[in-house]
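Going down the list, the protein sequences come from chains L and R. Per our numbering, the very first residue in the first sequence carries number 1; after that it's consecutive. Per our numbering, the very first residue in the second sequence carries number 290; after that it's consecutive.
In case anyone wonders, no lab produced these hints; they're calculated from the structure. Values in this document were obtained by computation on a predicted structure and should not be read as measured data. There may be inaccurate statements among the hints.
[Claimed, not checked] Part of the chain R face toward chain L, derived, beta carbon under 7 Å:
hint	residue
1	A440
2	H447
3	S551
[As the list claims (entries may be wrong)] Here are the computed lysine-lysine pairs in the BS3-like style, where the Cα-Cα straight-line distance is at most 30 Å:
hint	chain 1	residue 1	chain 2	residue 2
4	L	K97	L	K4
5	R	K372	L	K249
6	L	K97	L	K178
7	R	K486	R	K304
8	R	K538	L	K83
9	R	K467	R	K538
10	R	K467	R	K339
11	L	K178	R	K467
12	R	K486	L	K249
13	L	K4	L	K15
14	L	K178	R	K486
15	L	K15	L	K197
16	R	K386	R	K339
[Said to hold, decoys possible] To be clear about the criterion: a stretch of chain L counts as covered by chain R if any three or more of its residues have a C-beta under 8 Å from a C-beta of chain R, and this derived list gives those stretches:
hint	stretch
17	111-124
18	222-228
19	255-265
Virtual Cβ for every residue (Gly too), placed ideally from N, Cα, C.
Okay, here's what each chain looks like letter by letter:
Protein chains: 2
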Amino acid sequence: MEEKLYGGVEAGGTKFICAVGSGDGTIVSRTEIPTTDVGQTLQAVVDFFKQNSAIVSLGIGSFGPVDLNPSSPQFGFITHTPKAGWANTDIKGSLEKSLGVSAVLETDVNCAGIGEKFFGAAQAAHNFVYITVGTGIGGGLIIDGVPYHGAGHLEIGHMRIPHEPLGDGFSGICSFHKDCLEGLASGPAIEARWGIKPQDITAPEVWELEATYIATALNNLVMSVRPELFVIGGGVMNRGGLIEAIRAKLQTSINGYLDLPSLESYVVPASSPDNAVLGAIKLAATTLA
Amino acid sequence: MEEKLYGGVEAGGTKFICAVGSGDGTIVSRTEIPTTDVGQTLQAVVDFFKQNSAIVSLGIGSFGPVDLNPSSPQFGFITHTPKAGWANTDIKGSLEKSLGVSAVLETDVNCAGIGEKFFGAAQAAHNFVYITVGTGIGGGLIIDGVPYHGAGHLEIGHMRIPHEPLGDGFSGICSFHKDCLEGLASGPAIEARWGIKPQDITAPEVWELEATYIATALNNLVMSVRPELFVIGGGVMNRGGLIEAIRAKLQTSINGYLDLPSLESYVVPASSPDNAVLGAIKLAATTLA
Numbered sequence: 001m002e003e004k005l006y007g008g009v010e011a012g013g014t015k016f017i018c019a020v021g022s023g024d025g026t027i028v029s030r031t032e033i034p035t036t037d038v039g040q041t042l043q044a045v046v047d048f049f050k051q052n053s054a055i056v057s058l059g060i061g062s063f064g065p066v067d068l069n070p071s072s073p074q075f076g077f078i079t080h081t082p083k084a085g086w087a088n089t090d091i092k093g094s095l096e097k098s099l100g101v102s103a104v105l106e107t108d109v110n111c112a113g114i115g116e117k118f119f120g121a122a123q124a125a126h127n128f129v130y131i132t133v134g135t136g137i138g139g140g141l142i143i144d145g146v147p148y149h150g151a152g153h154l155e156i157g158h159m160r161i162p163h164e165p166l167g168d169g170f171s172g173i174c175s176f177h178k179d180c181l182e183g184l185a186s187g188p189a190i191e192a193r194w195g196i197k198p199q200d201i202t203a204p205e206v207w208e209l210e211a212t213y214i215a216t217a218l219n220n221l222v223m224s225v226r227p228e229l230f231v232i233g234g235g236v237m238n239r240g241g242l243i244e245a246i247r248a249k250l251q252t253s254i255n256g257y258l259d260l261p262s263l264e265s266y267v268v269p270a271s272s273p274d275n276a277v278l279g280a281i282k283l284a285a286t287t288l289a
Numbered sequence: 290m291e292e293k294l295y296g297g298v299e300a301g302g303t304k305f306i307c308a309v310g311s312g313d314g315t316i317v318s319r320t321e322i323p324t325t326d327v328g329q330t331l332q333a334v335v336d337f338f339k340q341n342s343a344i345v346s347l348g349i350g351s352f353g354p355v356d357l358n359p360s361s362p363q364f365g366f367i368t369h370t371p372k373a374g375w376a377n378t379d380i381k382g383s384l385e386k387s388l389g390v391s392a393v394l395e396t397d398v399n400c401a402g403i404g405e406k407f408f409g410a411a412q413a414a415h416n417f418v419y420i421t422v423g424t425g426i427g428g429g430l431i432i433d434g435v436p437y438h439g440a441g442h443l444e445i446g447h448m449r450i451p452h453e454p455l456g457d458g459f460s461g462i463c464s465f466h467k468d469c470l471e472g473l474a475s476g477p478a479i480e481a482r483w484g485i486k487p488q489d490i491t492a493p494e495v496w497e498l499e500a501t502y503i504a505t506a507l508n509n510l511v512m513s514v515r516p517e518l519f520v521i522g523g524g525v526m527n528r529g530g531l532i533e534a535i536r537a538k539l540q541t542s543i544n545g546y547l548d549l550p551s552l553e554s555y556v557v558p559a560s561s562p563d564n565a566v567l568g569a570i571k572l573a574a575t576t577l578a
């Protein structure tokens with residue numbers, strides 16, 4: 001019997017990663033598509049899958065907010081995203097119709113979390129938080145391999161944290177909240193504050209401040225969610241030394257109130273930039289087999 | 290057949306509430322015991338239950354931190370509490386031994402949450418957060434009637450929130466973190482900041498600031514946990530108008546980023562000061578019947 005194949009899409013604000021695989025953590029075909037307008041981008045996604053082996057079903061990990069409530073009229077939609085042209089996009093429905101297969105939609109971070117749980121850095125964790133620090137800041141709580149949903153998906157980028165003295169002159173860039181976590185510590189926030197793209201910044205005080213904000217967010221998640229592990233991905237985390245600085249500042253922030261595991265094993269980097277697409281394929285294989 | 294009876298204890302830093310009931314939300318016998326030293330307090334608890342009808346089992350909702358990990362050598366203990374004389378108290382084991390019944394230990398807020406879910410303000414909620422604002426600040430997430438545990442129980446009082454300008458002269462009283470949520474907004478923090486007991490303070494700016502801190506914590510829990518509902522109890526919440534002020538400030542803090550239910554039905558007061566002891570009885574009846 002031939003092995004069944006599933007499709008996975010990581011729908012990002014900058015690019016879409018599409019891949020075909022069997023749900024075991026390997027990829028047989030993969031492409032990246034720049035995110036332009038809805039019609040052009042989704043057509044390129046459809047073209048990729050049509051050129052490949054038939055897939056049984058499709059998993060989609062998308063930037064958000066997304067509507068994951070099956071009883072909602074907007075179920076399967078990217079809803080009121082600030083990303084121009086993408087608000088109220090029926091990403092699940094459009095791809096199902098064009099490809100003739102069923103699709104399952106999740107947030108990008110929840111798919112990345114599934115990828116890390118089954119194939120990456122979180123295989124031993126019963127309960128962990130996956131965080132991305134990039135164009136935005138998002139996170140997902142994965143319990144026994146399943147993304148946790150409350151009244152909706154998590155929005156950890158919009159928690160409020162102390163606005164550190166060093167950053168006092170900067171008001172934050174979130175269009176809803178100014179100085180929430182994402183408004184202070186996302187890639188675009190770093191660039192807006194310092195006037196230089198994050199990848200070109202070497203000044204230690206920049207990364208010291210960034211580590212402080214991320215560590216404060218981790219402190220708050222420790223207290224609110226008590227995960228066994230944090231896995232952190234996203235472009236900003238490519239900065240050498242940043243994860244070590246975050247660990248040290250988290251230690252300072254907790255200040256012995258709780259007994260944490262060794263920080264090197266408690267706060268770890270994402271295992272692969274393909275974790276979300278691998279998780280999306282796994283999600284399709286397990287829920288729409 | 291006679292109805293089975295169960296014991297419930299809310300172990301608080303100021304008083305212990307003990308009650309006997311059948312697990313249906315009614316209480317047949319109840320007492321309050323001042324919290325003094327471990328020996329005297331637990332003896333009074335034992336005396337109460339021995340004077341009453343035989344109980345099948347006992348539920349205990351305790352102040353913390355408590356060790357809820359069955360594989361830990363300190364399972365069933367109040368661990369490193371700052372409360373003098375109470376650190377490393379085997380509350381579950383002692384009461385089991387003295388009363389000759391099995392006991393189940395939970396946090397006080399998780400028991401209060403169970404009480405609110407089955408008999409109180411959260412009966413319709415699939416997923417909600419119970420918060421107490423009193424001598425300390427704590428919270429529990431209840432999912433389908435069961436307290437959520439990650440690597441341990443939640444410690445929401447120790448999240449970090451922006452230290453508002455109005456409070457800048459006050460450094461906070463948490464012995465671990467100074468100006469964490471509990472260090473800024475618990476009853477003792479209010480008293481330390483203003484030099485007056487909370488129940489005697491009427492100045493609007495005091496309650497304005499308190500509402501800001503609690504609303505910021507709710508904002509962070511909305512983003513990190515996405516509950517369907519908040520139920521808030523604890524002595525500080527007895528202040529008239531406080532919950533209304535918290536709702537208004539939460540609205541401002543979210544600022545339209547998420548669609549919340551009407552705030553009057555989303556942030557509600559605890560239904561009863563006996564919610565924790567009712568929840569403890571229910572927990573005993575459902576897990577140790």
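Looking back at the hints listed earlier, which ones does the structure fail to meet?
Per hint list: 3, 6, 10, 12, 14 and 17 violated.
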